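Chemist: This is what each chain is made of:
2 protein chains.
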Amino acid sequence: MSTDRFEADYLIETPVSPQAAAEAMAGEQSSGTFVKIPGETQELKERSSARVEYLEVIEEVSCPSLSGAAQSPEGPIQRAMVTLSWPVENIGPDLLNLMATVSGNLFELKQFSGLRILDIRLPDAFASAYPGPRFGIEGTRRLSGVGTGPLIGTIVKPSVGFGPDETARLVDTLASAGIDFIKDDELQANGPSCPFDERVDAVMRVINDHANRTGKKVMFAFNITGEIDDMRRRHDLVVAKGGTCVMASLNSVGLAGMIALGRHAELPIHAHRNGWGYLSRHPMLGWSYVAWSKFWRLAGADHMHVNGLSNKFCEDDDSVITSAKSLLTPMFSEKPCISMPVFSSGQSAVQPPETYRRLGTSDLIYAAGGGIMAHPDGPAAGVDSLRQSWDAAISGVEAEDYALTHPHLLEH
Amino acid sequence: MSTDRFEADYLIETPVSPQAAAEAMAGEQSSGTFVKIPGETQELKERSSARVEYLEVIEEVSCPSLSGAAQSPEGPIQRAMVTLSWPVENIGPDLLNLMATVSGNLFELKQFSGLRILDIRLPDAFASAYPGPRFGIEGTRRLSGVGTGPLIGTIVKPSVGFGPDETARLVDTLASAGIDFIKDDELQANGPSCPFDERVDAVMRVINDHANRTGKKVMFAFNITGEIDDMRRRHDLVVAKGGTCVMASLNSVGLAGMIALGRHAELPIHAHRNGWGYLSRHPMLGWSYVAWSKFWRLAGADHMHVNGLSNKFCEDDDSVITSAKSLLTPMFSEKPCISMPVFSSGQSAVQPPETYRRLGTSDLIYAAGGGIMAHPDGPAAGVDSLRQSWDAAISGVEAEDYALTHPHLLEH
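Chains as they are written, first to last, in the working numbering: chain U, 5 to 416; chain W, 5 to 416.
Check the hints yourself; a few may be wrong.
Pairs count within a copy or across copies, as identical chains cannot be separated in the list.
No farther apart than 25 Å at their CA atoms in a straight line, the calculated lysine to any residue pairs in the SDA-like style are these [as the list claims (entries may be wrong)]:
1) K49 / P380
2) K49 / G382
3) K49 / P168
4) K49 / P199
5) K221 / R138
6) K49 / D176
What the hints contain is simulated information worked out from the structure, not anything from laboratory work. As the structure is a prediction and not an experimental result, all values here were calculated from the model.
Next comes chain U alone, as it looks inside the complex (with noise of 0.2 Å):
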């Protein structure tokens, strides 16, 4: 990896030459414009030029991805990978502009009738540049008290309407039934019936009357969701309160507010990715996980959603596998990024072995909302469950034959 460039790689798919293409996304993001200019001379273009560094084609297609595409009479449409790299110089490591470098106009370009960003790299400028995970697994393993296995939690559910109280004494259900972590809904910031600020206090008297009854505080994620100094107020309140944990939807806050609040920070962030549908669902268009979360471990996230396996969402397992392995492989090598993995989303006692089996690990938090909550046998036997299901996929046992001593996993 130069030190001096950075690169994306795009899956593109168009009706001109790719070469031609990819020639033109470089100029786009760079000095060129549709128009020769004045002032682009031979040695501007040597020293701010984004080059195409990889193009390789690897298939055609019959019909066009999505409609706006120029019409080219030259023949087929065709899809290439292509990798673009430009001048650290450009824009210097600065995450905000360098996502208006690799994304900016590029999936509006009329020579494309598809264009999805894949994977980004970054010299180690960025790394000094930027907090990156302050906790990340090993810091959320020390707070909360998980040595080994994933941290088994969930979700305050309904998602919203309960008060601070209500919240409480769920969360008081949840501890006795020996919960590790417990996340607020991403509906639910500082809704006028559940204020913030009330709502850390009555949790967190639940929470420490746990602690200092058994020695385990649970990890609650307290959404801070809102306005930069809101945050960063909220943030203080749950450290002066004694939490461990403050949640963050990026698609509400943003990278400008995700990066204040990573520096911010003196507790692990936990980043929702809702709203991460609009900018993936379709194969040929916007973000790859792998390239779009990379921005926000930079900035500080250190629990990252994932989905999960045979979730109810569309996303299918090995989309979800890409991701999570994503999240554990080093951004850096002074400085790796890595964020914990969040498996939510449909899941129970019936995918952690799959799970387990196709990521390698256990480090991970694994969130079940109605998997707990609506347990036939209430919320302990729940988290039961998902325990068992979690010590037989890490034991090698199957789980069919672990549930003959563990009455709890045989009931989902």
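Knowing the structure of chain U, use the given hints to seat chain W on it.
Modeler: Relative to the frame of chain U, chain W by itself:
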């Protein structure tokens, strides 16, 4: 419009019953989840649930637009218009959590082979809670001294590669050419070779010189895209140097960043939408501009990009005009939040008559990059040709006749 509920309109495509699909949307984004939860009482549901306010099936399609939806044996794939409403009480008048609520997980639900958010409607509590555009059309006209007609604008080109002095020399040329408005390219904010502070210093010296001589101060939108505290500081520097506009890339900065800037700004905010393609390009996924722009208008965007007619991108003219008209349509009766539309992308003297005919107003910024700098007779002729084309459009004279007495027009 109810004072205690907000609404969102969607275009959905589903292989299941549209009524059931709409109810799943309402459940997912309020008090429901995929199983019945203890605590989700009838009283809580009545207080907190989203409601399906409207549903109209509009057509059947033979193929799903997006893969991943549930297979249904029961019948056709149907498209429908759906309106949901939520109690403001769920989130309060909070734009960030509104984003999580009206968008959130909807785009990923298995019930949908297509889902696009078309519009949102907010009660007055939101108007009171946010700054909205502080300058808009009137303030922009006052600061730029352009009382009638469009602001004729351009973009610093090459997009990246110029240092502060070269940028200032270009601004000198453009100011001499009679330009009203110039913006930094979105690829240049604070690059090491073109540091923000030095650029502001060099550019404002030129602009202030021209203003002292001619009485006309060119409005320059300095790209302050960056971290929150940097944006505030850069904004203050522009104010101190006598500048009249700042610019931010919305999809880089994000909503928390823009709200912080909106609350802080004493200058018009020029809002750049680069990245818009990944949010919008598939017609059955993501965001309509009408819905999306309302978040930024309320946050304080004074100018918003809408592309241009016969542009270099994929967007068709109808979509461009719909976007621009929506910005000129009040959001609230007491606080209209009108943002000035910015037309750009491959614009020249060709498009003004049709733009004016379809939009019905010249309350806009008309930005041409190559269309000015690459004019065969130089930038002054480029500016003249645009202004003459607009004058012709506004005065109802056919451009061809007008050109007989205005020679620069003929050359485009």
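Chemist: 25 Å Cα cut-off: does K49 pair with P168 within a copy, between copies, both or neither?
Modeler: Classified as between; 17 Å across copies, 59 Å inside a copy.
Chemist: First find the shortest C-alpha distance between K221 and R138 inside one copy, then the shortest across copies, and answer within, between, both or neither for a cut-off of 25 Å.
Modeler: For K221 and R138, the Cα distance is within 25 Å only inside one copy (20 Å; across copies 47 Å).
Chemist: Cα distance capped at 25 Å. Does K49 pair with P380 within a copy, between copies, both, or neither?
Modeler: between (67 Å within a copy, 22 Å between copies)
Chemist: At most 25 Å between C-alpha atoms: does K49 with D176 qualify within a copy, between copies, both, or neither?
Modeler: between (63 Å within a copy, 23 Å between copies)
Chemist: Between K49 and P199, at a C-alpha cutoff of 25 Å, which is it: within one copy, between copies, both, or neither?
Modeler: between (54 Å within a copy, 19 Å between copies)
Chemist: With 25 Å as the alpha-carbon cut-off, assign the pair K49 and G382 to within, between, both or neither.
Modeler: between (66 Å within a copy, 22 Å between copies)
Consistency with the previously given hints is maintained throughout, with no hint failing.
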